[in-house]
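The listed protein sequences derive, respectively, from chains A and B.
For any residue, its number in our numbering is found by taking its place in the first sequence, counting from 1, and adding 249.
For the second sequence, position 103 (counting from the first letter as 1) is numbered 91 according to our numbering, and the numbering increases by one without interruption.
Treat the hints loosely; a few may be bogus.
Unchecked claim - So the derived label-pair ranges between C-beta atoms look like this: (1) B:Ile3 x A:Ser301: 48 to 56 Å; (2) A:Glu264 x B:Pro71: 39 to 47 Å; (3) A:Gly290 x B:Ser72: 15 to 23 Å; (4) A:Gln250 x B:Ile3: 25 to 33 Å; (5) A:Leu324 x B:Thr8: 40 to 48 Å; (6) A:Arg309 x B:Thr74: 15 to 23 Å; (7) B:Asp44 x A:Gly258: 45 to 53 Å; (8) B:Gly39 x A:Tyr300: 17 to 25 Å; (9) B:Val38 x A:Lys316: 37 to 45 Å.
Calculated from the structure, these hints are not laboratory results.
For glycine and all other residues, C-beta sits at the position ideal for the given N, C-alpha and C.
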Amino acid sequence: QKEVEQNSGPLSVPEGAIASLNCTYSDRGSQSFFWYRQYSGKSPELIMSIYSNGDKEDGRFTAQLNKASQYVSLLIRDSQPSDSATYLCAVSGAGSYQLTFGKGTKLSVIP
Amino acid sequence: NAGVTQTPKFRILKIGQSMTLQCTQDMNHNYMYWYRQDPGMGLKLIYYSVGAGITDKGEVPNGYNVSRSTTEDFPLRLELAAPSQTSVYFCASRARGGQLSDEQYFGPGTRLTVT
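The shape of chain A in the complex, shown without the other chains (with noise of 0.2 Å):
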């Protein structure tokens, strides 16, 4: 069975700091990944997408991508209060129609 372990939390980091959110998936055959971040009460809101390995950056947000290790990881940089929210890792393998999702992990940045 397909799974992507994510450390639940919470994970609280002062304002200004970088969050370090990880995700390990176990099917070596998964070709997407994805962050989705999700407010309490609202609907899951994809973030980034990262296909290849290494870095992908998108304004404050960088993914990280580690096939061989199994390993993806999202780095908020000059975090802000209205970063803290649940953020979920999903993985899709190859050919494949649905996605896997993590448990999530729930951020507090402190003001």
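Based on these hints, arrange chain B on the given structure of chain A.
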């Protein structure tokens, strides 16, 4: 573009009642999905569809049914509601195509309570 819309936002059902959760997308996406999310348990796939007339079971299909008669609509039917179906239900869609179209977009959700 409204994206993915869901109705109703909230619903309370009595045990044994039935209802249909509606989902509509206006992005001409071929693939559509239904998930449920329980507290601390992440998102579980109930059913999905790769196009009109084609549906398949996900991880937790028991107690649910779906149909896909049009590209836009993907309703989820609950028959004989049970307390275990108390959850938040999300509909999602994605385009068909290559790797870069893997991204799924979610509707606002339906919060269902069965008592």
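Hint check:
1. B:Ile3 x A:Ser301: 48 to 56 Å: For Ile3 (chain B) and Ser301 (chain A) the Cβ distance comes to about 49 Å; the hint holds.
2. A:Glu264 x B:Pro71: 39 to 47 Å: 41 Å, holds
3. A:Gly290 x B:Ser72: 15 to 23 Å: Once the Cβ atoms are compared, 22 Å apart, the range 15 to 23 Å for Ser72 (chain B) and Gly290 (chain A) holds.
4. A:Gln250 x B:Ile3: 25 to 33 Å: 31 Å, holds
5. A:Leu324 x B:Thr8: 40 to 48 Å: Given about 42 Å between the Cβ atoms, the range holds.
6. A:Arg309 x B:Thr74: 15 to 23 Å: Since Arg309 (chain A) and Thr74 (chain B) have Cβ atoms about 37 Å apart, the given range 15 to 23 Å is violated.
7. B:Asp44 x A:Gly258: 45 to 53 Å: 33 Å, violated
8. B:Gly39 x A:Tyr300: 17 to 25 Å: Distance hint for Gly39 (chain B), Tyr300 (chain A) holds at roughly 24 Å.
9. B:Val38 x A:Lys316: 37 to 45 Å: This hint is violated: roughly 26 Å between Cβ atoms.
In this structure, the hints that do not hold are numbers 6, 7, 9, in rising order.
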